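Order-wise, the sequence lines are chains A and B. In the working numbering, each number is its position in the first sequence, counted from 1, plus 296. In the working numbering, each number is its position in the second sequence, counted from 1, plus 296.
Be a bit skeptical, because a hint or two may be false.
Note: identical chains are not told apart, hence a pair may lie in one copy or across any two.
Said to hold, decoys possible - Listed next, the in silico EDC-like pairs over lysine to aspartate or glutamate satisfying Cα-Cα at most 20 Å (straight line): (1) K624 x D484; (2) K538 x D459; (3) K538 x D629; (4) K408 x E620; (5) K624 x E726; (6) K751 x E620; (7) K553 x D459; (8) K553 x E456; (9) K482 x D629; (10) K538 x E620; (11) K624 x E682; (12) K538 x D306; (13) K625 x E611; (14) K751 x D693.
Just so you know, the hints here were simulated from the structure itself, not pulled from any lab data. Please read these numbers as outputs of a predicted model, since none were measured by experiment.
There are 2 protein chains.
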Amino acid sequence: MARNTQVAADHNAPPVTQLLAQFVATHPGYLAGGWSAALDHEAHRTFFNWLGCAVGAAQHEAADAALAAVQMLQPAPQASVLGRHQKVDMASAALVNGITSHTFDFDDTHLKTIIHPAGPVASALLALAEHTGSSGRELIDALVLGIDVACRVGNAMYPEHYDRGWHITGSTGTLGAAAACARLFKLDTQKTAMALGIAASQPIGMREQFGTMSKPFHPGAAARAGLMSALLARHGFTASAKALEAPRGMMQTVSTKNDWNEITHDLGQRFEIAFNSYKPFACGIVVHPSIDACVQLRALFAQQGITLAQVERIELKVHSLVLELTGKKEPADGLQAKFSVYHGCAAGLTFGRAAEDEFSDAVVNRADMVALRRKVAATVDDSIDEASADVVAVLADGRRLHVFVEHAIGSVQNPMTDTMLEAKFRGLSEPILGAAATSQLIKACWAIGNAPSVKAVVGLATPVRP
Amino acid sequence: MARNTQVAADHNAPPVTQLLAQFVATHPGYLAGGWSAALDHEAHRTFFNWLGCAVGAAQHEAADAALAAVQMLQPAPQASVLGRHQKVDMASAALVNGITSHTFDFDDTHLKTIIHPAGPVASALLALAEHTGSSGRELIDALVLGIDVACRVGNAMYPEHYDRGWHITGSTGTLGAAAACARLFKLDTQKTAMALGIAASQPIGMREQFGTMSKPFHPGAAARAGLMSALLARHGFTASAKALEAPRGMMQTVSTKNDWNEITHDLGQRFEIAFNSYKPFACGIVVHPSIDACVQLRALFAQQGITLAQVERIELKVHSLVLELTGKKEPADGLQAKFSVYHGCAAGLTFGRAAEDEFSDAVVNRADMVALRRKVAATVDDSIDEASADVVAVLADGRRLHVFVEHAIGSVQNPMTDTMLEAKFRGLSEPILGAAATSQLIKACWAIGNAPSVKAVVGLATPVRP
C-alpha cells in the first residue's frame with residue numbers, strides 16, 4: 297500500500313495539550329450535572345464489560361507470563377490482579393489487567409477509531425483507585441474524562457495514524473490513562489498538562505503484533521505508562537506544554553492527519569464514551585457483521601431443516617479492511633482464529649455464537665471447522681461498509697440463502713442490552729470466580745458509581761488464595 | 297518543513313528481527329576473540345563516561361521527581377540509584393539512572409545518528425547485572441551488542457526518522473536495552489527475538505520535549521521498557537517474529553527511510569560502539585564545534601591581549617541543523633541554555649569551558665553572559681558540515697579574528713583522551729561522592745571487564761546513607 301503522507305508541519309495548531317488538561321482538571325463531573333444519567337450508565341457499562349473481560353482471561357498464558365515477569369521485580373502488594381489472588385504494585389497491576397482485558401479481543405470498541413478505550417484507561421484507574429482508596433464516583437468520573445481524551449486524540453488522527461501501522465488503542469491509550477489518573481490524583485491544570493506531556497512521549501503498539509501476546513500488551517503497557525506519567529507529573533516532573541500538538545510533538549510525529557477540531561469541538565459537552573460499544577463475539581470488531589450474518593443463516597437453516605452438510609459454499613462480501621485485518625484463511629490456533637473472518641463464519645454457522653470457547657485451540661482445529669472454513673469464499677466489495685456484511689449460503693441443490701447485516705449486534709446502532717452484557721459477563725467470570733461471587737460482582741459493578749470505595753468490587757473480582 | 301514521506305510499504309525486507317536476535321544470542325563475545333582489545337577499551341570508555349554522567353546528575357531535581365514517583369510503588373531494594381543511597385526495583389533503577397545519565401546532556405553520542413546509546417543500554421544492564429549478580433565481563437559484552445542493535449537500527453532509519461520528530465535515543469534505545477538484557481539473561485535466539493519484538497512496540501520520545509525533563513526521561517524509559525521486554529520474553533511472552541521489519545512493524549511505522557543493509561552489513565564484524573564519542577561540553581553535540589571555536593578564540597584573545605569588552609560582534613556560520621536544534625537566542629535557565637548555541641559561544645569565550653557549572657541558572661542569567669549572547673550573530677550555511685563551525689570575532693577597532701573548527705574536540709576524529717575523560721569524570725563525581733571514592737571508582741571502572749561482579753563498582757558509585 298502507498299503511504300500518502302507528504303504534508304507540511306503545522307505550526308498553527310491550537311493548544312490542545314493545555315485545552316485537554318484544563319478539561320480534565322476542571323470538569324465538574326457527573327454529580328454537578330456534567331453529563332446525563334444515560335451517559336453515566338454507559339460509563340458503568342464500559343467499566344462492567346471491561347472488568348468481565350479482565351477476569352475472564354485471568355488464567356490465560358499471557359497473564360501467567362506477564363505476571364511472572366512482573367514478579368521478578370518483587371512488587372509490593374498495592375493492587376489486585378483481577379481474577380487472581382496475587383497483588384502487585386499498582387503500575388504492574390495496571391499492566392497485567394490491561395493485558396487480560398484485551399486478551400480475548402472481547403473488550404469495548406469506540407467504533408469511529410477502532411480504539412478499545414477501557415483497556416488502558418480503566419486498568420490504570422482501578423489499580424490507582426484501589427491503592428489510594430478513591431471512591432467509585434471518582435473512578436467513573438475519571439473514566440469518562442480519560443476515555444474522552446484518548447478517543448478525541450484518536451478521532452483527530454484516524455485513519456492515517458492507524459493505516460500507517462499504529463495500534464491506536466495503545467498509542468492514544470497512554471494519554472487516556474494519564475488523563476484519568478491525573479483526575480483521580482486531583483492534579484491541577486498545569487500538572488495535568490505535564491502528565492499528558494510525559495505520556496505523549498510514549499505511544500505504544502504496532503499492528504504487526506496482532507495475533508501475538510503483544511497485542512493485548514499494548515493496552516496494558518499504555519495503562520502502566522499513563523499511570524506513571526501522572527505519578528511523575530504529581531512529583532514535579534516536566535514535559536513540553538505543547539507535547540501533543542507541536543510540529544515535533546506526538547501527534548504530528550505519529551500521524552500526518554491531525555484534525556484539531558476533533559479535539560476542541562464541544563469539549564466537555566459531547567463525550568466519546570457515548571459512542572462506545574461492546575462485543576458479543578470474542579474477536580476483532582470487523583468480523584462481527586460476518587458472524588452475525590452467519591448466526592442468522594444458522595437460524596434460517598434450522599427453520600428450513602437444512603444441515604451444514606448441505607452447504608456447498610458460503611459467499612462472503614465485505615469491505616477490504618475486513619480481509620486486511622482478519623484474512624487468515626487457515627488459522628493454526630485460537631489466537632490466530634481471532635484474525636480469521638473464515639473461522640468467525642464457521643463458528644457462527646456451527647454454534648450460533650462466537651465467545652471465547654469458540655476460539656479455543658481445540659475448536660479451531662476440529663476437522664469440521666477446518667472443512668467449513670474452506671467453504672467460505674470471501675471477496676472484497678468496498679461499496680459495503682466496514683460495519684456491514686453480505687453473506688450468501690449456496691447449497692448443494694443450488695439454493696441460495698441471503699443475509700445482509702447492516703449493523704451487527706453490539707454496534708452503537710444495535711447495542712447489546714444490559715441483560716446481554718450480564719450474560720456475557722457470566723460466561724467470562726463464572727469459570728474463574730464461581731456463580732455466587734459473579735452474581736454479587738455484577739450487582740456491585742452496576743452500583744460502583746455510589747460506592748464509597750472501589751475495594752468491594754475489587755475484592756469480589758479476586759478469588760481467595762487457594 | 298515539508299515531510300517528504302510518500303513511499304510504498306516494503307514487503308521484501310530481510311528478516312532483521314531474527315538476524316539481530318541470532319547475533320545477540322550467539323555472538324562469542326570478547327574473550328572468544330569476538331572483537332579487538334581496542335574496541336573493548338572503547339566499551340569501557342562508554343561505560344565510564346555514562347557512569348560519571350549518571351552520578352553527576354544524581355541530585356538534580358529531575359532525579360528527585362523521578363525517584364519520588366517511583367517510590368510511590370514501594371519498590372523492593374534490588375538495584376542502586378547511582379550517586380544516591382536509595383535502592384529500588386531493577387526496572388525503576390534502570391529508569392532513574394537512564395534519566396540522570398542524560399540530564400546534563402553530557403553523555404556519549406553515536407555521531408552518525410545523534411543517538412546517545414549508553415543511556416538506555418547501560419542503565420538497563422547495570423541494574424539487571426546488580427540484581428542478578430552478573431560479572432563485569434558479561435556486562436561489557438552485552439553493552440557492545442546492545443549498543444550495536446540500537447545504532448544499526450538508527451543507521452537504517454536516520455535521518456528521516458529523526459527529522460520526523462523522534463528522539464532517536466529513546467526510540468532505538470528500547471531495542472538496544474532489550475537486546476543487552478536478553479544477552480545478560482542468556483536468552484536463546486528465539487526468545488531474544490521475542491524480547492526485541494516486545495520492545496519494538498515501545499519506541500519512546502519526541503523531539504518537542506527537548507529543554508524539559510522529558511528529554512532525559514526518554515533514555516530512562518527506554519532502559520526500563522527494554523529490561524521489561526527481556527523479562528517478559530524470558531517468561532514466554534510473545535511478539536511478532538517480524539516486529540521490526542514488517543510493513544506494519546516498528547521501523548516502517550516510525551520511519552519511511554529504512555536501509556536494511558545498515559543492519560545486516562558486517563553484522564558481528566563491525567561494531568558501532570567504535571564510532572561512539574564523548575562530550576567535553578555539557579550540551580547538545582551540534583553546539584560543540586561552535587564552543588570549541590570560541591574556546592580557541594579566547595586563547596587567541598589571551599595571546600593578543602584582547603578583552604571581551606573589545607568584542608563588537610561574533611559572526612557564527614553553522615549548518616541549518618544547529619540553529620534548528622539549538623537556536624534559543626534568550627535562554628531563561630540552564631536547561632534552555634543547553635539548546636542555545638548563543639550561550640555555548642558565550643561560555644566558551646568567557647570561561648574557556650562549558651561543563652555543567654557553565655549551564656547553571658546563575659551563570660545563564662549573569663548580565664555579562666546575556667550581553668555577550670546578544671553579540672553572537674548566527675547565520676545558516678549548509679556548505680558547512682553539521683560537525684563544523686566557522687566563527688569570526690569582529691572587534692570594535694574593525695579587526696577580525698577567524699577560527700574554523702572542522703572536527704570539534706570530542707569527535708571521533710579528534711577524541712577525548714582517557715585522561716581528559718577522567719578529568720571530566722572527576723568534575724561530575726567529586727561533588728557527589730567525594731575525591732577519595734571517586735579515585736577508587738575510576739580505577740574500578742577501567743577494570744570492570746575483569747570484575748567477577750558489578751557490585752564493587754555499584755558500591756563505590758553510591759554514597760553511604762547520610
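Legend entry - Up to 20 Å CA-CA - E620 versus K538, copy category: For K538 and E620, only the inter-copy Cα distance (17 Å) is at most 20 Å; the intra-copy one is 35 Å.
Inset, instruction - Using 20 Å as the alpha carbon limit, work out where K538 and D459 are close: within a copy, between copies, both or neither. - result: Answer is between: at 18 Å across copies they meet the 20 Å cutoff, but 25 Å inside does not.
Inset, instruction - Could you figure out if K751 and E620 sit no more than 20 Å apart (CA to CA) within one copy, between two copies, both or neither? - result: Answer is neither: 42 Å inside a copy and 51 Å across each miss the 20 Å cutoff.
Legend entry - Identical-chain pair category, K538 with D629, by Cα at 20 Å: between (45 Å within a copy, 19 Å between copies)
Inset, instruction - Measure nothing new, just compare the shortest in-copy and cross-copy C-alpha distances for K538 and D306 to 20 Å and report within, between, both or neither. - result: within (13 Å within a copy, 33 Å between copies)
Inset, instruction - Tell me, please, which holds for K553 and D459 at an alpha-carbon limit of 20 Å: within, between, both or neither? - result: Classified as both; 11 Å inside a copy, 17 Å across copies.
Legend entry - Alpha-carbon proximity context of K408 and E620, limit 20 Å: Answer is within; shortest intra-copy Cα gap is 18 Å, inter-copy 37 Å.
Legend entry - Intra- versus inter-subunit Cα pairing at 20 Å for K553 with E456: both (6 Å within a copy, 18 Å between copies)
Legend entry - Intra- versus inter-subunit Cα pairing at 20 Å for K624 with E682: Cα proximity of K624 and E682: one copy only (17 Å, versus 49 Å across).
Legend entry - 20 Å Cα threshold - placement of D693 relative to K751: Neither: 60 Å inside a chain and 78 Å across chains, both beyond 20 Å.
Inset, instruction - Evaluate K624 and E726 at a C-alpha cut-off of 20 Å and name the case that applies: within, between, both or neither. - result: For K624 and E726, neither the intra-copy (31 Å) nor the inter-copy (61 Å) Cα distance is at most 20 Å.
Legend entry - K482 and D629: within-copy, between-copy, both or neither at 20 Å Cα: Cα proximity of K482 and D629: none, with 45 Å in one copy and 29 Å across.
Comparing the model with each earlier hint shows violations of hints 1, 5, 6, 9 and 14; every other hint is respected.
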